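What follows is the residue order along each chain.
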Amino acid sequence: MSSYVAGSKRKRTKRAIVQYSLLVLLSITTLLPLIWMLSTSLKSGDVIFEIPPKFLPDGFHWENYSRAVSEIEFATLFKNSLTITFFNLLSNVFVSALVAYGFARFQFPGKSIWFLLVLSTIMLPGEVTMIPVFIGFSKIGWTNTFKPLIIPGFLGGAPVFIFLLRQFFMSIPKELDESAVLDGASSFKIFYRIFLPLSIPALVTIGIFSFQGSWNDLLGPLIYLNDTNKFTLPLGLAMFQGVMKVEWGPLMAGSILVLLPVLVIFFLAQKQFVEGVKLSGIKG
Amino acid sequence: MRFKKYEGYLYISPWILGFILLTVAPLIFAFYIGLTEWDTFNAPKFVGLQNYSDLFRDEDFVNALWITIRFAIISVPLGIATSILIAVLVNSKLKGMAFFRTALYMPAVVSGIAISLLWKWMLDKDFGMINLILSKLGIPEQGWLTDPHMVLYSYLMMVVWGAGGGMLTYLAGLQDIPGHLYEAAEIDGANAFQKFRHITLTMLSPVIFYNLIMGIVGAMRKFGDAYIIGGAGNQGRFYMVYLYENAFKFFKMGYATAMAWVLFVLIMLLTMAAFKSSSAWVYYESEVNTRPKRKRG
Numbered sequence: 001m002s003s004y005v006a007g008s009k010r011k012r013t014k015r016a017i018v019q020y021s022l023l024v025l026l027s028i029t030t031l032l033p034l035i036w037m038l039s040t041s042l043k044s045g046d047v048i049f050e051i052p053p054k055f056l057p058d059g060f061h062w063e064n065y066s067r068a069v070s071e072i073e074f075a076t077l078f079k080n081s082l083t084i085t086f087f088n089l090l091s092n093v094f095v096s097a098l099v100a101y102g103f104a105r106f107q108f109p110g111k112s113i114w115f116l117l118v119l120s121t122i123m124l125p126g127e128v129t130m131i132p133v134f135i136g137f138s139k140i141g142w143t144n145t146f147k148p149l150i151i152p153g154f155l156g157g158a159p160v161f162i163f164l165l166r167q168f169f170m171s172i173p174k175e176l177d178e179s180a181v182l183d184g185a186s187s188f189k190i191f192y193r194i195f196l197p198l199s200i201p202a203l204v205t206i207g208i209f210s211f212q213g214s215w216n217d218l219l220g221p222l223i224y225l226n227d228t229n230k231f232t233l234p235l236g237l238a239m240f241q242g243v244m245k246v247e248w249g250p251l252m253a254g255s256i257l258v259l260l261p262v263l264v265i266f267f268l269a270q271k272q273f274v275e276g277v278k279l280s281g282i283k284g
Numbered sequence: 001m002r003f004k005k006y007e008g009y010l011y012i013s014p015w016i017l018g019f020i021l022l023t024v025a026p027l028i029f030a031f032y033i034g035l036t037e038w039d040t041f042n043a044p045k046f047v048g049l050q051n052y053s054d055l056f057r058d059e060d061f062v063n064a065l066w067i068t069i070r071f072a073i074i075s076v077p078l079g080i081a082t083s084i085l086i087a088v089l090v091n092s093k094l095k096g097m098a099f100f101r102t103a104l105y106m107p108a109v110v111s112g113i114a115i116s117l118l119w120k121w122m123l124d125k126d127f128g129m130i131n132l133i134l135s136k137l138g139i140p141e142q143g144w145l146t147d148p149h150m151v152l153y154s155y156l157m158m159v160v161w162g163a164g165g166g167m168l169t170y171l172a173g174l175q176d177i178p179g180h181l182y183e184a185a186e187i188d189g190a191n192a193f194q195k196f197r198h199i200t201l202t203m204l205s206p207v208i209f210y211n212l213i214m215g216i217v218g219a220m221r222k223f224g225d226a227y228i229i230g231g232a233g234n235q236g237r238f239y240m241v242y243l244y245e246n247a248f249k250f251f252k253m254g255y256a257t258a259m260a261w262v263l264f265v266l267i268m269l270l271t272m273a274a275f276k277s278s279s280a281w282v283y284y285e286s287e288v289n290t291r292p293k294r295k296r297g
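Top to bottom, those sequences are chains A and B.
So that you can map any letter, position 42 of the first sequence is 42 in UniProt numbering, and since no number is skipped, the others follow by simple counting.
So that you can map any letter, position 204 of the second sequence is 204 in UniProt numbering, and since no number is skipped, the others follow by simple counting.
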């Protein structure tokens, strides 16, 4: 009996060693490119083009960062990206929640048909409507403004979020809002006093996805924005890449600067985000 | 609840407005544009189904279609398998697991153009990190983005690298599997592989199915990194990049819209095939009512 226990303990230790080795190997594989990015951003031009390439930088060439900042007008582009991302975040969280609330808690004629349509728009790839929507926006003179990148969000432009929030709202016990109704609360009051506070993990999760999607969006700004001072960071970086094809030092420095806000947000909201993903089953 | 009959419409009205203005009207319009030759500066010229028949005679189109479909069919299962393996690996209470989970999840956090540029640089034939590592291992350097035969592998490599970013739903699914299933299997003498195959994969199948559908749609619509990275001329030009070029570089709106419709039909067909197959391998708890009901928080 005791030898059986010892044997299974040895087996468990062995398994833990295998598991750790795999984890370390995979983590290195995942992090190495990011470290290479950081290393490149600090290398001088000569070292970047040495054969064979060196992994570590030759000191700290911060001038890559100052060049990236000045050549893509980082401050302006940062402000543009932030503006667009902020409004998308606001609309994706708040408007999606309003619509989801309508579907989760009200009975009205035609409801199931409308909801079916929400589901079908999730499956409809945006590419089909992209060109007519572009032509429509250009006819009313909205190209080269942020409006085409902001307004759709306020018109419930994120059906996936509506769907996920509806699922989440339906899991909130009905007794809560029923007793509030008895106390004479309006439906909107119930929405922002009961539903929103109870859904914070789900809302944070959606917020992060929205932030990421909007911050990283390339196609939208590429289509709609023409003036360089209206560009977003990804678009600026893409154009910068076109001009300075082989300047990998400043390019990697600029890339890191674009990544930083997403990293900061992620680490700030990590706990609620992980909880939200578990609750709503969204892809991570 | 005792609200007025049409009160719900108040809440869903932003979406209804958007649905009419940004989905229904554009869809009708798109149907028409696809039948025209139109550069947006002059009046559209009706050409019937000409755009659609031109598509399949266009070598660039066929190339873009081919690389995109190959990429979707290989990358989606590859990504799913890698994500599951990572999820299984981090689903235990070993010391330091929080660090490994965060590290492996990083590709989902740091996405977008910055990472596309990073890969373009890493895959550089002469000065990139991938060839540097290969040469240390005694493997000859590859023209990842310059050799037409290697382009697809370059994109697949990025998918595998990013697979940790897709682990969260699988991890949540794994944590939902009741331990008594494994215990029962052990009593029946099942080995580790049998347990993984019959319990883990079966119980994860709804999550796998969800990721399969999202993966197919995502792969077919691939744009950002394909636009930035490209690769070996035609070989790295994905469907959406070619569509974008037609619409906004060459101003062939009719042709590009026809491409969008073909993409739509392709995505529908692939998704339908996935749905059709699902009854054979996706397990839903509600189908079996003999199992004890699981409590969820």
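The set of hints was computed from the structure by calculation and includes no laboratory data.
A quick note: this is a predicted structure, and the numbers were derived from the prediction, not measured.
Glycine included, every Cβ here is placed at the ideal spot set by N, Cα and C.
Among the hints, a few may not be true.
Claimed, not checked - Cross-link-like lysine to aspartate or glutamate pairs, in silico, EDC-like; alpha carbons within 20 Å at most:
(1) A:K54 <-> B:D126
(2) B:K125 <-> A:E247
(3) B:K93 <-> B:E37
As the list claims (entries may be wrong) - Per label pair, the in silico range of CB-to-CB distance:
(4) B:S53 <-> A:G141: 44 to 50 Å
(5) A:S8 <-> B:V265: 18 to 24 Å
(6) B:F196 <-> A:K230: 22 to 28 Å
(7) A:G141 <-> B:E141: 37 to 43 Å
(8) A:L38 <-> B:Y32: 46 to 52 Å
(9) B:L181 <-> A:V243: 45 to 51 Å
Do the hints match the structure? See the list:
1. Note on K54 of chain A and D126 of chain B: the hinted pairing holds, with a Cα-Cα distance of about 12 Å set against a maximum of 20 Å.
2. Restraint check: the Cα-Cα separation between K125 of chain B and E247 of chain A comes to about 15 Å, which is no more than 20 Å; the hinted pair holds.
3. Taking the CA atoms of K93 of chain B and E37 of chain B, the gap is about 61 Å. The hint is violated against a cut of 20 Å.
4. A hinted range of 44 to 50 Å for the beta carbons of S53 of chain B and G141 of chain A is inconsistent with their spacing of about 36 Å.
5. In this structure the hint that S8 of chain A and V265 of chain B lie 18 to 24 Å apart at CB is violated, the actual value being about 56 Å.
6. Between F196 of chain B and K230 of chain A, the C-beta spacing of about 52 Å breaks the proposed range 22 to 28 Å.
7. For G141 of chain A and E141 of chain B, the hinted distance range of 37 to 43 Å is not satisfied, since their beta carbons lie about 52 Å from each other.
8. Taken as a hint, the range 46 to 52 Å holds for the pair L38 of chain A and Y32 of chain B, whose Cβ atoms sit roughly 51 Å apart.
9. Distance hint check for L181 of chain B and V243 of chain A: the Cβ-Cβ separation is about 58 Å, which falls outside the suggested range of 45 to 51 Å.
Hint compliance for this structure: hints 3, 4, 5, 6, 7, 9 are not met, and every other hint is.
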